[in-house]
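Student: The chain contents come next:
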Amino acid sequence: MEILVCIKQVPGTTKVEVDPETGVLKRAGVDSKMNPYDLYALETALRLKERHGGTVRVLSMGPPQAAEVIREAYMMGADDGALITDGGFAGSDVLATSRALSEGIKKLGAFDLILCGKQTTDGDTAQVGPEIAEFLDIPHVANIIRMVEIREKSAVVEMDMGSVVQTAEVSFPCLLTVEKDIFQPRLPSYRRKKSAGEREIRTISLKDLGDADERNYGLNGSPTQVERIFPPEAGGSREIWTGTGEELSLKMAEKLRQLKFI
Amino acid sequence: MIWKERLEIFMKRLICHQEKVNEANREQLIAVCPFHAIEYNNGVIEISAGCKMCMLCVKNGPEGVMELAEDESAADRDSWRGIAVYVDHTYGEIHPVTMELIGKAKELADTIKASAAKAKEPADKAKEPAGPTGKPAALADFPVYCVFMGHGIVKKAEELLHYGVDEVFVYDEEELADFRIEPYTAVFEDFIRKVRPSSVLVGATTTGRSLAPRVAARFRTGLTADCTKLEIKDNTDLVQIRPAFGGNIMARILCTKTRPQMATVRYKVMNAPERSPERNGKITLCDIDKAKLTSRIHVLKVTQKPG
Numbered sequence: 001m002e003i004l005v006c007i008k009q010v011p012g013t014t015k016v017e018v019d020p021e022t023g024v025l026k027r028a029g030v031d032s033k034m035n036p037y038d039l040y041a042l043e044t045a046l047r048l049k050e051r052h053g054g055t056v057r058v059l060s061m062g063p064p065q066a067a068e069v070i071r072e073a074y075m076m077g078a079d080d081g082a083l084i085t086d087g088g089f090a091g092s093d094v095l096a097t098s099r100a101l102s103e104g105i106k107k108l109g110a111f112d113l114i115l116c117g118k119q120t121t122d123g124d125t126a127q128v129g130p131e132i133a134e135f136l137d138i139p140h141v142a143n144i145i146r147m148v149e150i151r152e153k154s155a156v157v158e159m160d161m162g163s164v165v166q167t168a169e170v171s172f173p174c175l176l177t178v179e180k181d182i183f184q185p186r187l188p189s190y191r192r193k194k195s196a197g198e199r200e201i202r203t204i205s206l207k208d209l210g211d212a213d214e215r216n217y218g219l220n221g222s223p224t225q226v227e228r229i230f231p232p233e234a235g236g237s238r239e240i241w242t243g244t245g246e247e248l249s250l251k252m253a254e255k256l257r258q259l260k261f262i
Numbered sequence: 001m002i003w004k005e006r007l008e009i010f011m012k013r014l015i016c017h018q019e020k021v022n023e024a025n026r027e028q029l030i031a032v033c034p035f036h037a038i039e040y041n042n043g044v045i046e047i048s049a050g051c052k053m054c055m056l057c058v059k060n061g062p063e064g065v066m067e068l069a070e071d072e073s074a075a076d077r078d079s080w081r082g083i084a085v086y087v088d089h090t091y092g093e094i095h096p097v098t099m100e101l102i103g104k105a106k107e108l109a110d111t112i113k114a115s116a117a118k119a120k121e122p123a124d125k126a127k128e129p130a131g132p133t134g135k136p137a138a139l140a141d142f143p144v145y146c147v148f149m150g151h152g153i154v155k156k157a158e159e160l161l162h163y164g165v166d167e168v169f170v171y172d173e174e175e176l177a178d179f180r181i182e183p184y185t186a187v188f189e190d191f192i193r194k195v196r197p198s199s200v201l202v203g204a205t206t207t208g209r210s211l212a213p214r215v216a217a218r219f220r221t222g223l224t225a226d227c228t229k230l231e232i233k234d235n236t237d238l239v240q241i242r243p244a245f246g247g248n249i250m251a252r253i254l255c256t257k258t259r260p261q262m263a264t265v266r267y268k269v270m271n272a273p274e275r276s277p278e279r280n281g282k283i284t285l286c287d288i289d290k291a292k293l294t295s296r297i298h299v300l301k302v303t304q305k306p307g
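Protein chains in written order, with our numbering: chain A, 1 to 262; chain B, 1 to 307.
Treat the hints with care, as some may be off.
In silico lysine to aspartate or glutamate, EDC-like type, Cα no more than 16 Å apart, as pairs [unchecked claim]:
| no. | chain 1 | residue 1 | chain 2 | residue 2 |
| --- | --- | --- | --- | --- |
| 1 | B | Lys301 | A | Glu227 |
| 2 | B | Lys120 | B | Asp234 |
| 3 | B | Lys257 | B | Asp78 |
| 4 | A | Lys33 | A | Glu2 |
| 5 | B | Lys301 | A | Asp160 |
| 6 | B | Lys229 | A | Glu227 |
| 7 | B | Lys305 | A | Asp160 |
| 8 | B | Lys118 | B | Asp234 |
| 9 | B | Lys113 | B | Asp141 |
| 10 | B | Lys292 | A | Glu233 |
| 11 | B | Lys106 | B | Asp166 |
| 12 | A | Lys106 | A | Glu2 |
| 13 | A | Lys49 | A | Glu149 |
| 14 | B | Lys301 | A | Glu233 |
| 15 | B | Lys290 | B | Asp166 |
| 16 | B | Lys257 | A | Asp160 |
| 17 | B | Lys229 | A | Glu169 |
| 18 | B | Lys233 | A | Glu233 |
Now the in silico label distances, taken between C-beta atoms and shown as ranges [stated by the list, open to error]:
| no. | chain 1 | residue 1 | chain 2 | residue 2 | range |
| --- | --- | --- | --- | --- | --- |
| 19 | A | Gln184 | B | His298 | 46 to 56 Å |
| 20 | A | Ser237 | B | Asp141 | 36 to 46 Å |
| 21 | B | Gly92 | A | Lys153 | 42 to 52 Å |
| 22 | B | Gln18 | A | Ala90 | 26 to 36 Å |
| 23 | A | Ala110 | B | Glu46 | 31 to 41 Å |
Chain B stretches covered by chain A per the calculated footprint, using a threshold of three residues with CB under 8 Å from any CB of chain A [stated by the list, open to error]:
| no. | stretch |
| --- | --- |
| 24 | 176-183 |
| 25 | 192-202 |
| 26 | 206-212 |
Rather than coming from a laboratory, the hints here were simulated on the basis of the structure. Here the structure is a predicted model, which is why all the values come from computation and not from measurement. Virtual Cβ for every residue (Gly too), placed ideally from N, Cα, C.
Build the full structure now, drawing on both the sequences and the hints.
Tutor: See below:
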């Protein structure tokens, strides 16, 4: 079984601030890590490989230093990895990113299964997985909470649909995005860690892609533009209430309903 | 990286007034670019991919030749009208986020209609006060649509008419009984091609978050996830505001080059309108070629979640 996992390097913290004067992002530090949700996708891939054989490859897109997350994937047991990196991809939105990743996937070969985490912790969109599937013209199922069974040419999965759970059989090739907690991710192995540094990481640049038209990537290929970033408004309103416990609890419940917290 | 400045620049575009280029200033123009991105090929000045948008050619090049223009490679705004809301449902049970989105869509459509009416006023007054001029202002017609796809849902679509929708497009097909991505995307595509809504709003439920990106990618258009605030400009550009970095910053996002503009919004962010006792608007039943409804997904069973 040929499995590909898409992974992303994200900032190690979400504690970023915007300078209200200049509107420029102040990044607290430069430390980064693998998107935590991707660990679940990678773990799923490794378990499938252990039971059914095959290979697990990883693909990422980002600046050259994003090779670090591929190394991290090697430490967990990935067989092979590639990084899509090129100045021409800078400023890509969801559409341009998904297009680049799908072209990169075509470049790597044919896969039975492509796995993605449910979303990233920096962009939070959960959109790249489904868009990759559209570019590759393969079915996708999002929010997988359980892998039920692998059949010869399909996977049986459970999808969370809010009030119900749908059990479905999806034909290969397909793309699945997995929920957090589908499996407990393993820790990197010490033995693999020692060899990961020397292992090769293939890099793919814009001109290597089947569709190498630079107008389709980066800022040019992005239909959405961030016009402005700004700090969120601080909620300054407060109310002081007095009364008996019963009165106050009723009032509190009413207020929470009004604010749509419950 | 100071990405704010960069992005502002990229919303603009460098243009060359070829008619102002002559033998005397051509070499000067080419030499002014530190990245050698200005080339003279076959009698025209071309800007290559080496351009870093440093603007030195505008500042220091021959006067009036290079100009920084607003990017108007923009969408064909006039032929895309109205706002569509995807009716989120589980086996016909309409999710309340749908009503909230209808409320927001009405608000946005009213803004457009009001600004169209205002734009029309002075023109009317300039002429004689002879009543309506016959032709309504271009955007006075900016409806709120719903698209509802599933099986056995025609009766349920009537409920939506209590919330002030202009038209509900219903696709009722056996193949749509279960939520499966390919037929649902195909129907959504069919609806957008027929109706051409300027904006499409989708609830950020598990199914909405799976379907909306697939549709956006099919139209090669923009999709903004989990908007907390939506506004609209007079030219129908949707201003999408959403948190990023776990809510530590807010971003204002536009999608000016393509249509439809798509956004997802979470449940309990917008306010649903009061349910009116009367029904307004109409239901339109739509047909779709069955060949478009095939899927490589088979639903084996559906179980109710406890609680």
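Student: Each hint should be assessed against the structure and marked as holding or not.
Tutor: Now the hints, each set against the structure:
For a cut-off of 16 Å, the pair hint linking Lys301/B to Glu227/A is broken: about 45 Å separates their Cα positions. Under the criterion of a C-alpha separation no larger than 16 Å, the hint pairing Lys120/B with Asp234/B is consistent with the structure, at around 13 Å. As the CA atoms of Lys257/B and Asp78/B are separated by approximately 13 Å, the hinted pair is consistent with the 16 Å bound. A distance of roughly 26 Å separates the Cα atoms of Lys33/A and Glu2/A; the hinted pair therefore is violated under the 16 Å criterion.
Distance check on the hinted pair: Lys301/B and Asp160/A sit about 12 Å apart at the alpha-carbon level, within 16 Å; holds. Under the criterion of a C-alpha separation no larger than 16 Å, the hint pairing Lys229/B with Glu227/A is consistent with the structure, at around 15 Å. Distance restraint check for Lys305/B and Asp160/A: the Cα-Cα separation of roughly 9 Å lies within the 16 Å cut-off, and the hinted pair is therefore satisfied. Taken as a hint, the Lys118/B and Asp234/B pair is honoured in the structure, with Cα atoms around 11 Å apart against an allowance of 16 Å.
Restraint check for Lys113/B and Asp141/B: the C-alpha separation of about 7 Å stays at or below 16 Å, so the hint holds. With a CA separation close to 46 Å, the supplied pair Lys292/B and Glu233/A exceeds the 16 Å bound. With a CA separation close to 10 Å, the supplied pair Lys106/B and Asp166/B stays within the 16 Å bound. At most 16 Å may separate the alpha-carbon atoms for a hinted pair to count; Lys106/A and Glu2/A meet this at roughly 13 Å.
Pair hint Lys49/A plus Glu149/A holds up; C-alpha atoms about 13 Å apart against a cutoff of 16 Å. Taking the CA atoms of Lys301/B and Glu233/A, the gap is about 45 Å. The hint is violated against a cut of 16 Å. With a C-alpha separation of about 27 Å, the suggested pair Lys290/B and Asp166/B falls outside the 16 Å cut-off, and the hint is violated. The straight-line distance between the Cα atoms of Lys257/B and Asp160/A is roughly 35 Å, outside the 16 Å bound, and the hint therefore fails.
This hinted pair does not check out: Lys229/B and Glu169/A have alpha carbons roughly 38 Å apart, beyond 16 Å. At roughly 22 Å between alpha-carbon atoms, Lys233/B and Glu233/A are farther apart than 16 Å, so this suggested pair is violated. Between Gln184/A and His298/B, the C-beta spacing of about 30 Å breaks the proposed range 46 to 56 Å. Taking the beta carbon of each, Ser237/A and Asp141/B are about 40 Å apart, inside 36 to 46 Å as hinted.
Take Gly92/B and Lys153/A: their Cβ atoms lie about 32 Å apart, and the range 42 to 52 Å is violated. A hinted range of 26 to 36 Å for the beta carbons of Gln18/B and Ala90/A is consistent with their spacing of about 29 Å. For Ala110/A and Glu46/B, the hinted distance range of 31 to 41 Å is satisfied, since their beta carbons lie about 39 Å from each other. Check on the stretch 176-183 of chain B: 5 of its residues sit with their Cβ under 8 Å from a Cβ of chain A, so the three-residue criterion for coverage holds.
Only residues whose C-beta sits within less than 8 Å of a C-beta in chain A count toward coverage, and the stretch 192-202 of chain B has 0 of them, not enough to reach three; the restraint is violated. Coverage of the stretch 206-212 of chain B by chain A holds. Counting CB-CB distances below 8 Å, 6 residues qualify, and the rule asks for three or more.
The structure fails hints 1, 4, 10, 14, 15, 16, 17, 18, 19, 21 and 25 (numbered hints given earlier, in ascending order).
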